[in-house]
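Line by line, the protein sequences give chains B and X.
In terms of the numbering used here, the first sequence opens at residue 1 and continues consecutively.
In terms of the numbering used here, the second sequence opens at residue 1 and continues consecutively.
Calculated directly from the structure, the hints in this document are not laboratory data.
Keep in mind the model is a prediction, meaning the values are calculated, not measured.
Among the hints, a few may not be true.
As the list claims (entries may be wrong) - Taking beta-carbon pairs under 7 Å as the criterion, some of the chain B residues facing chain X (in silico): (1) 34; (2) 60; (3) 185; (4) 187; (5) 191; (6) 195; (7) 208; (8) 210; (9) 254; (10) 267; (11) 274; (12) 276.
Glycine is no exception: its CB is placed at the ideal position from the N, C-alpha and C atoms.
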Amino acid sequence: MKAKRYIKLISAFWAFAMMATSCIYPYVPDIESKSGLFVVEGDILIGEVSRISLSCVYEFASNIDREKDPKAYVSIESEDGKVYTDKILGSDHSIDMSGAPDNVRYRLVIDRPSNGHHYQSDWKEVQSAAAMDELGYSLVQTEYDNIGAVAISVGMRGTEGGSRYFRLSYDEIWEYHSSHRAVYRYYMGSVVPFTGGENTYYCWKRESSSQIMLFSTEGQSQNRYEIEFNAIMRNDNRLQEVYYTKVYLQALDEDGYRYWRNTQESTGQRGDLLAPIPSSMRGNISCQEDPDEMIYGYISAARRVYKELYIDNNNTRFYTPPKDDAIYTPEYVEPSMWQTRYTRDNMRPYTLETAWTGDEYFTWLPARCVDCTQYGGTKSKPEGWPRPEI
Amino acid sequence: MRRKLFIYLILTLLPLAGASAQDVLEVKRVSLDQLVSFLRKEVSPRIYYVRSDEEQSSFTVSAPREQFLDAAIAELGSKGYVTSRFDSSIFILHSKAIQSSLPDGYFESGNTLAANDDGLQRFLADQNNIVTFQNKVYEIGEPSAGKSGKVTVSGHVRDVSSGEPLVGVAVYDDKTGIYTVTDASGYYRVMLPVGDNKLSFSGYSLEDMQLTLKVFDEGGLDVVMKEKVTSLSGAIVSADAISHHRNASLGLEKIRLNTAAKIPSAFGETDIIKAVLTLPGVKSVGEASSGFNVRGGSADQNLILFNDGTIYYPSHMFGIFSSFNPDVISEMELYKSSIPAEFGGRISSVLDVHGRGGNLNKFTGSLGLGLLTSRIHLEGPLAKGRTSFILGARTTYSNWMLRVLPATSEYHGGTADFSDINASISHKVNDSNSLHAYAYWSRDDFAFQSKTSFKYSNLTASVKWRSHFSSNHDMTAVVGYDRYRSGTSDKETLGMIWNPIFQGNANLSYSINIGIRQAYAKATFHSTLNDAHKLTYGAQATYYMVNPGEKIPMEDNPFMEPVYLDHEKGLEPALFASDTWTVNSRLILDGGLRLSGFYAAGDRKFYGAPELRISGKYSLQDNLSLKAGINTLRQNIHLISNSSAISPMDTWRLSSGRIRPQSGWQAATGAYWTVAGGKVDLSAEAYYKRMNHTLDYKSGSILIMNPDIADALVETYGKAYGVEIMAKKTVGKLTGWVSYTYSRSRLREKGDRGVETINRGEWYNAPYDKPHDFKLTGNYKFTHRYSMSMNIDYSTGRPVTVPIGWYKYGDGMRIAYSDRNTHRIPDYFRLDLAVNIEPSHYLRQLTHMSVTIGVYNVTGRKNAYSVFFYNSDPSSMMGSSLSGHMLSVFACPIPYINLNLKF
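Bound-form chain X, shown alone (with noise of 0.2 Å):
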């Protein structure tokens, strides 16, 4: 391409160059470097020009020789070029021109600065606390200030564009291992000494800054920081690589948005959740199944936070697509094993989403069309530079497309209809003081046959305030509210289980309505005690109202009546405080307790106990580091299912006079070294977990509508070890991670019930327990348009309960099973591959549209769901007519393309 463009210059500028001064001067589809060499020849050679990184535009300019320039400038004009001139030089600069003198009156006016000054002045007013570019010696404090020691500084990261704020931003400087983390408003705060002093930020695919400052005083800086677009050979150490080795958290994984797209999903969404099961230690029981298993614990047991709102079932389409719709979330952080003491509730891991804040400069959106689902985003300043919105909804077609499919299909009649909405508007109040409003909303319904259906609904609403005491002493506080709601109608009849070739009398039709609501208020607090401490500490209260169960006739029935499970309320009060405490600049120990109760109204039952959080670092080089951590956690909210998948079906569970909360606690210890220059992190964890008072269910016992829930179920104990070893890659063409994970999980019942006791009280597998665990997640960039990503999945095959031989009984053939979880299905393997084609980078171009083309499980492996028996000859009463067969849910390939539009 770019021969071509070249030969075709030589062809155009040839004839131009012997041109004479009568001649009409034309270049043809040639770029700003071509463009202004041809100028320098032909019209001045005191032009100078600054070429933007992203540039990729093409000039044509036609004029006669003395008009050519004033032609010239216009086209660079119409690119966003601005031109300057400054007596007889040139100066060619994107989006901003060269002020060649100061305002008429600027040095009388003062420093008061008018509201409605967009010019020069609010410019250079701007620069002083606005850090834009590196190349420059940014003054903190006034000179006269006569500070010694040490001084807070601190300020916001944005992005340039969009001016939302940037989460995760490592602030650190590598001599004096100061290093801190922009928190959800892109806030740091960092003690710097009083001097000279440089101070990098470094965030997944931004471009990394190094500032140099003088420092006076405690002061502000805020600092924008844009995209990585064109460093695609970088030799800039990673933000992972920086955080492993200045934190001494353990277990911490986080994966930006655009780190997520690039992941092939079952039907080219970008997935969030499908995204953290790329993660070492995390683990599903199937492909279609909502929810998540981390390092050997159930899926209750993972707190999943969207905007500090809890999500229960975090899926769309019985766990097809992720509940989070890709175009409002900035990143997630998912905390395996150090969870810092803010967060509680769950014993096994925290999920942590944020959403973005909406552009506060100027309107934007997205337009996403896949072939299952569509999507829209808007988003943009409400007052600009301090009120902002974004809004975001997806919906799906799938329903009408299960429509036609033939009666004979077994999913003929099925419906599956989803949609969600996302709002949230931010305003900024003052420099020290913001409001968030977050709302969120979605639905799912979704029927196998025409006689079964499921809903389900999450909502969370909520409201934080963010606000800044002092350099070094900040708080963030939400109040929120939460409502979760599943469900299932069933137009079954007696006749049609027994018989089903007719409807018999819909007396046993009905609907089951589950839920949960939740308040909750949080207060949070940091403050920076010196350059050794951080402080975090605050209150939370959560008060749960849960619906178990209510059945409802849906038709005339004149026998049966509603039922309604007793509501279950609870509080759940908790104190928190934590310190990191940076030793020197090798030894960091963080230290946190959460002091966490419950209150059980309807058995007036109170639950209370101190949970540790406690984690080290030690960096034996600056490249190699070792971590430790205990934590302890409860739990008391409980998911009662016997299914594999969480089900809309299942209920959930309060802790109460008969079901003790759920406590747990994980050792980790973990090596990290950076090589490659510091573009390869390689990773090595290990853990030993156990869970007590975990709930299992009794065989054959009912758990829907089950009023004496506790008499179904019982208590056990689980144990978790594993190793986990990563080498991770974030910058240069090639970016992904592989890893290894070997883990067990296993159960074991805690009482004694004689013949009745799971496995007789022996430790049997969870459903989740896979030893052998490899993944590769992986994109190669091949030029700024063009990459390619690439999945794989290798895990072994998760443990089922299995028939071993069948009876007669009840005058049919029966199948009797073996001890729970003692066999499994077979492995799973799973490639994916896709293409990712960004067609533009034209920064003036009104819309951008990116395309994804792929392949789920190019292999068409039949990766096995379950494994079952049935017999297949009813009438038939003789082993022979009983087979084997497994259910896989995407049994072959599925190719998939996805076009995104941004505006």
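Isolated chain B, as found in the complex (with noise of 0.2 Å):
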């Protein structure tokens, strides 16, 4: 028994010395950010209209948005001499491509007065659209709790002889809804009553896939693939109520593919003992007056394809609210306190309630309770959501 003992009390110590000794530790070099590095985002994608970002590198304090480049002119070419020009959309270069046609190289050309330099792109084949199956979900166990998720997958095909790196990306946009309904405002110094669809218990968020998904059926006998490609946590509340996803497939050339693999694993760099030392790996668009400046960014060309999804928890009851969502009591505010709690406590008016003296007052709620775009969504509902009584 004491044996044991000292057995255990060795364990626990060297379980102590494993965790302490190997560590990461904060730890800020001293390295001369570069910003100002020019980036350029985007594929020259035929049959819809391809949107270019032009940005560049900031330093790391930075928390500068997207720089805008405005007097750019950017222009997509054809190998039989066509040019297809941009128009301006938000801070992207949008250029219709819905009416090229797939058998002819394109390269991408950009014209920046701001620094007088020219840049292109290489000539690219457009890469042959792969074909989607399905889209589908299913309930599956998540690895560290017993909420489970619901899993998204994908089937899909390459075409005979075509290329066997894909690229996977998707949009999102799911309604949801605050926990309690308000009723009323504040607006103008009163509380008025919601008209329409003012209200802010319905929202509807939309995000992009921020993770490169890659893969390759490079070794596989066929060139297919069935891929669960994204899981929603059961208490997330993309599932409160109605979720769509659109899905795109792009196929792309080995280069191009090389590319986004050592985008994501430079990103996804932790410093392992045993990881690939990480770069930046040039892409494929060069400036013209100085060959050596560095560029981050490639341009393939493809024809993308999509599906889309539906998941309305109406039918599906899948979603399972957290557990440990707080419970607030509405409170009464004193008209003379409103803008104060409006704006120092970020507090909404709720209910309009009445007093066993029958005197009305209206209680007030935090934000978060009765205020949905305070996660983050907008009262923009989408052209032709399912749900039009919303």
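Build the complex: two chains, separate frames, hints provided.
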């Protein structure tokens, strides 16, 4: 028994030692950040509008959003001499390629009057579109808890003799609601009732996949795949009402796959003992005036395919509210304090109550209880949303 | 302690002095000197004895006066002393008796010696050719031979107790400048002038011997030497000092195991590779990294030999332990510059690790217990005096310790398991021939997390034949087979990569296996042409079979099929010859030529080129020598890696039609000065080195399972230069070395790939370029039992590629990196301390236990292994959420204790 206790003690000691000795510590290296390097993002997407974003590398401390270069001219040239020109849409340059043929090569051309440089990508062949067979979902167990998740899967197949390198991406829109439905709102010093679609109960939120999702069928007997590519926890508000996703599949050439893969791996580096040394890889865009200029970005030409999917919780009942949701009791706020509670305490009107005396008063709740926009959503309902009644 | 014993003795002896004849005499816990003194006083004044230097026994005798002598003799006998009587004199000797008469019929029996006669006849016969003590004139050859000039004297040097051959013992004569070193079988050969000679034998941690010889003709002279135990303040010249001034080799470092044992290591186990890292000019990329870098070369440019077999991955547990079981190691030699012509195949260095041969006289063994590992070894004679074996095994129990980690730990689900086995048999066929068989196997299996595991394994097996054709001509022939296998198993799914909260469909699970097999044969001949020329020549051939990768699906996957990259095969033949020309006692020149080739079977491509090995030594004084040398080397097997440390994921490739052999040359010069009466060696060496066709990777290239690997690689030039200054003390209470190295190692891409060219085609730092390097390794022996070791290691931080900014791309934050290796991690500093306790030196004791208690990284400095940035808030798209971090492998003091039991 004594020996067993010693063994346990030694085990605990070494377990602690192993944990304590190999550690990751905050460290601010003496690095001179290099900002301003040119970043070009986007692809030549045949059959749709190609969005090209021009930005740059920022210093680490910088929180500057994407730098716009509205004076830049972006166009796509085809090998048969056609030029497709851009329109500025927000911070992006949009080029309509809906009528462009697949059987010619294309390249991106950028003129930047801001520095007088001209940029070109390599000529790229249009990668054949792959086919997406199905887009489905199922309940799965999660690794660390028993809440479960909804896994979204896609089946795809590449074309015969076509590329075996693919990139998957998706856009998401979901409708959710705040925990309490407020009937009133604070407006210009008064509490007034919501009218029509003004309520802050239902919101829609949009996101795009931030992961670089690459896969290859190289080395497989068949150029096809079935992938569970996304999972949504059952207590995620994505599943609260209606969830919509649009999944894009794009074939890449081998160089493009390598570029995206390097970008993915370099960003996820955690300094592991056996990890590859990270590096930035040059893409396929070069500056005509300064061939040594480092430009981030890789331009591919492809015809994407996509599939859409709705998950309506009214039918599936997948959503499980988080257990730790705090319960807030509506509180009465003196009219004289409305402004203060609204701005300082981020409170919002909730309901109109009648006291036993017959007096009416407004109850208030924290904004996050009654205002769905507090979670990043907007009241902008997507066109064709399946619940027109909201 | 001594004072207490003395007082106790006085109190004990005083009453005895006055005891009457009828009294019982009694002594308690007295030393041999005190016992003999008492016997001389009380029993007989004519008692003579020789006290063993190692003797620390105490004696207790109690008996009536008339029986006291017999009782004392019995007590002495129990401690290994033999008592002989001649007339009224009594002689006390350890382990041997005084023969006061020749055996009956001795003169009638002539010179024949019965094979089973272990008595006096054998003893007397042995005295003719086995040197055991110095106070005698040894005669070589018959006086009637009538020879003149110089003749060859040769023999073996062995350990006095185990009979094992002693490697690297310097055999020399100060006056004539004669010098040689015993080879791996303990064999030496010198040319001595006919007449009276003095010949000295000196080896690290061995008692020096100086013999007086009368040489009449060529002949044999075997010598046995014993380990130095008591010479804490000896004033003898170190073996290293002799080596520096008697040969022309530059950059040669030797470490015997007992030196390595004193160097503190991370978990207390004696580690040959860590000992190598304490030498100047040897660096590594980090603490938990396998391999090492010598004089600006990459890790794959070192040829690591263990009993002639090639070890491709010399570490266990991703670099924490070395692959070599210290119990079966004799010593190692590291050739940093003057690489003998008999070695080839790598362009930076050769680490030649010699295993021990096994005790020829008795069965012994050892047991080592550490907190993470245990090991055992057994050795002994299979046929006494002729055949011996040695068997060693080691394993770790860290695996089950990792299982107790909580689920939240980063290493939860990880494994770390290894084991290795060594076995060898040595058989002395006759006086001229011996056979040796060696086998080594190791296995590692580890995983940082449950989903990805790594494994690798080394196997070497060889048979060696040593033959002495004549007194000036011998041969060593070896055939062997080596195998290295590594691989990884990945249970990861795409779903897990993209969204770690669920397992996903596990259709990405696979294992990748990589391997090298090689069969080799080598014959090396040594010939002493005359007293000025020693010739070494021979031939070698190695046949490589490399599996660059095979990818096997691990689970049911209807789409994934096994992928096998084409195996690569190649033959590397070589002829070599070298001559050591002793021009005079001051000037020695070494010249060697190695004609090596490589036939790449797949591409039917043959590469061939001569390799030169030239060096020279000139002694300005007996204790001051200058050396210079140049050598060229070629390499046909290449490690393909894009990680800082050697990884089991890395693949090896042979030279082919598209991958040219690496080649390099190194010019070096050095000065060696032995001061402080031969106790301290000062040395300074400078070198300049060029490397051609070394391989680096293109940014973003895929190296694993790449059938067109040449497309992913670029050829680079390398240049390295540096100065190494060292002071070394190998005798006395304080031993150790201190060194400072300034060195650079830089690379440049050879071709022009436009904007893709690494760092625009400019010189860039090699990943192991650490300009300033200070090392101190010391051991202070307070007493026979207690010593303290210290190790200090400081170096400039290694170059790394660092993030220089962030940008938005692919709907996420991405990190922009600097040019390759333009920045450095913080400087490295580590202090280790250890106390070594050897509880007893009692020779008759069945077991001897030693204890090492130490602390690795005493100051707890958080040495950076890598520096990186990551987005602490993945939902954020703001630069402020990116934060810098560093990974530190041993970030706090690591105490350890190690028990070693010898039996």
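Each hint tested on the structure:
1. The beta carbon of residue 34 (chain B) comes within 4 Å of a beta carbon in chain X, closer than 7 Å, and the hint placing it at the interface holds.
2. Residue-level restraint check for residue 60 (chain B) holds (minimum Cβ-Cβ distance to chain X is 5 Å; threshold 7 Å).
3. For residue 185 (chain B), the suggested interface contact is broken, since its CB lies about 28 Å from the closest CB of chain X, more than 7 Å.
4. The restraint placing residue 187 (chain B) at the interface with chain X is violated, with a minimum CB-CB distance near 31 Å, outside the 7 Å limit.
5. Look at residue 191 (chain B): its Cβ only gets to about 33 Å from chain X, farther than 7 Å, so that hint breaks.
6. Violation of the interface hint for residue 195 (chain B) is found here, the shortest Cβ-Cβ separation to chain X being roughly 33 Å, above the 7 Å cut-off.
7. Taking 7 Å as the C-beta cut-off, the interface hint given for residue 208 (chain B) holds, the closest approach to chain X being about 4 Å.
8. A least Cβ separation of about 4 Å between residue 210 (chain B) and chain X falls short of the 7 Å threshold, and the interface hint therefore holds.
9. Interface hint at residue 254 (chain B): violated, since its Cβ lies 9 Å from the closest Cβ of chain X, which is beyond the 7 Å cut-off.
10. For residue 267 (chain B), the shortest C-beta to C-beta distance to chain X is roughly 5 Å, which falls under 7 Å, so the interface hint holds.
11. Satisfaction of the interface hint for residue 274 (chain B) is found here, the shortest Cβ-Cβ separation to chain X being roughly 4 Å, below the 7 Å cut-off.
12. Because the closest C-beta pair between residue 276 (chain B) and chain X is about 4 Å apart, less than 7 Å, the hint holds.
Of the numbered hints stated above, those contradicted by the structure are hints 3, 4, 5, 6, 9, listed in ascending order.
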